[in-house]
Amino acid sequence: MTTPELASGKRGWFEIIFDDDYLRTVRPLSKVGVELQCDFIEEQFGLSPGASILDVGCGSGQHAVELARRGYSVTALDLSSHMLRHAKMNAEEAGVNVTFVHGDMRAMSYDAKFDALLSWNTSFGYFDDDVNRRTMELFHNALKPHGVLLLELANRDFVLQGQPNLIWFEGDGCVCIEETSFNSITSRLLVKRTVIRDDGHQYEHFYSVRLYALHEIGQLMHNRGFRVVRVSGREATPGVFFGADSSRMIVLAERRLPSKSQPRMPRDSGRPTRNDLPPIPTKRSLAPATDTAQTVPEIEADARPDLELDDAGTDPGGEPGPNGDAS
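For the sequence shown, the residue numbers in the numbering used here are 20 to 346.
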């Protein structure tokens, strides 16, 4: 599949920024930090040993390498050759086998190949809305029936509370300054990053990321053939989302079958089946929340499979959908 953006030859910011200098501006997770995150990822996936995992936007490969060390068959894809070079070195040092692919998530052609797909560190949302939707379809296509997707994103409702913002931090032999603002019309976070190296050299990068509210990403997944199973605000609280107080959204979703039959998670996965979940309240019956924390087993639209909604949460006739209009 070739998108118009790829055919035009125009390079996006995401094709430029992730070079060796970028690695100097980010502090890699500690070994313990990677292990704790992979404990959570492994628990959410609930896979059998040897199951196949596709890590999309794998970066330096920390999670791909650790998951391979735990016995999974891991394929790791990234657009940056710089990142893949470091990822391969990490795999060699760990003595594990990972299939690394230099490729673009917008042009993946996998067909029902993987048991699970991982998209971590807000690596989804780089593109415009149309391309993001097509990319979600490719995520769906890459999974086997009942395959699972774990998508980790910045939470729009948390981020916009602190905008505009200016921060600085130290990297490896450099100082970074980031100026951020939020465009409420496009729902994109705009970032100007200035890097000042110790030798006095200075350069700038500009980039933007589409930020989603929970109802938006849930509707997008639903319309692309997924069933949202669980949403977590952090690894320490699986299945609990704290609304605007959660800086992140970690969404577990399952590839639905094309039929109207209700899919079920594997019995040995430790995840609830649809029949185990509480009923989803509609707007008419929604009671005031009594606690800040929200348990979000499913997006409401999935409880009404007869209603086809667009990504703004409306039906084709223009009536409000169960999740309201997109922000």
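Mixed in with the good hints there might be a few duds.
What the hints assert, rightly or not - Quick list of in silico lysine to any residue cross-link-like pairs, SDA-like style, CA-CA up to 20 Å:
| id | residue 1 | residue 2 |
| --- | --- | --- |
| 1 | K211 | V178 |
| 2 | K163 | G69 |
| 3 | K163 | K50 |
| 4 | K211 | F188 |
| 5 | K50 | K132 |
| 6 | K132 | R30 |
What the hints contain is simulated information worked out from the structure, not anything from laboratory work.
Worksheet item: Of the hints given before, which are not true for this structure?
Response: 3, 5, 6
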